[in-house]
Amino acid sequence: MDIVGLTIEKLHKAIKSKETTVTEVCQATFDRIEKLNPKLNAFLTLTQEKSLARAKTLDTQLSNGLELPTLFGVPVAVKDNMCTEGIRTTCGSKI
-7 MDIVGLTIEK LHKAIKSKET TVTEVCQATF DRIEKLNPKL NAFLTLTQEK
43 SLARAKTLDT QLSNGLELPT LFGVPVAVKD NMCTEGIRTT CGSKI
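The opening position of the sequence shown corresponds to residue -7 in our numbering, with each subsequent residue numbered one higher.
Fair warning: there could be bad hints in the mix.
What the hints assert, rightly or not - Dumping the calculated SDA-like pairs for lysine to any residue here, alpha-carbon to alpha-carbon at most 20 Å:
1) 5 with 20
2) 2 with 16
3) 10 with 48
4) 8 with 61
5) 71 with 28
6) 48 with 29
7) 10 with 56
8) 42 with 52
9) 71 with 30
10) 42 with 16
As the list claims (entries may be wrong) - Derived DEER-like restraints, expressed as beta-carbon distance ranges:
11) 82 with 40: 13 to 21 Å
12) 57 with 30: 40 to 48 Å
13) 41 with 63: 18 to 26 Å
14) -3 with 31: 30 to 38 Å
15) 73 with 10: 31 to 39 Å
16) 10 with 40: 18 to 26 Å
Just so you know, these hints were derived from the structure itself, not from any lab.
We put the beta carbon where it would ideally sit given N, CA and C, even for glycine.
Please take these sequences and the hints and turn them into a complete structure.
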């Protein structure tokens, strides 16, 4: 299954039916970023460790019977002009 090519709806169904895990989705997303970002330069800061730890927590919640909101486990990129706690914000400036 090409996880990163799935629509949100199909990804939601795959996680809900346990065809994949949030951790697998997260890792597949970072693998794709690692492959494409040198050419695209779309990401300035990555939080892979923090994201994978959170993904594992979500997988545990899912295994405990948590009801899944539609965006549960869907990777999100945050533009560098949004302040995020504990993550450097540069607004793309080299200054």
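Going through the hints against the structure:
{"no.": "1", "hint": "5 with 20", "in the structure": "holds, 17 Å"}
{"no.": "2", "hint": "2 with 16", "in the structure": "holds, 15 Å"}
{"no.": "3", "hint": "10 with 48", "in the structure": "holds, 14 Å"}
{"no.": "4", "hint": "8 with 61", "in the structure": "holds, 10 Å"}
{"no.": "5", "hint": "71 with 28", "in the structure": "holds, 17 Å"}
{"no.": "6", "hint": "48 with 29", "in the structure": "violated, 24 Å"}
{"no.": "7", "hint": "10 with 56", "in the structure": "holds, 13 Å"}
{"no.": "8", "hint": "42 with 52", "in the structure": "holds, 16 Å"}
{"no.": "9", "hint": "71 with 30", "in the structure": "holds, 18 Å"}
{"no.": "10", "hint": "42 with 16", "in the structure": "holds, 14 Å"}
{"no.": "11", "hint": "82 with 40: 13 to 21 Å", "in the structure": "holds, 18 Å"}
{"no.": "12", "hint": "57 with 30: 40 to 48 Å", "in the structure": "holds, 41 Å"}
{"no.": "13", "hint": "41 with 63: 18 to 26 Å", "in the structure": "holds, 22 Å"}
{"no.": "14", "hint": "-3 with 31: 30 to 38 Å", "in the structure": "violated, 18 Å"}
{"no.": "15", "hint": "73 with 10: 31 to 39 Å", "in the structure": "holds, 37 Å"}
{"no.": "16", "hint": "10 with 40: 18 to 26 Å", "in the structure": "holds, 23 Å"}
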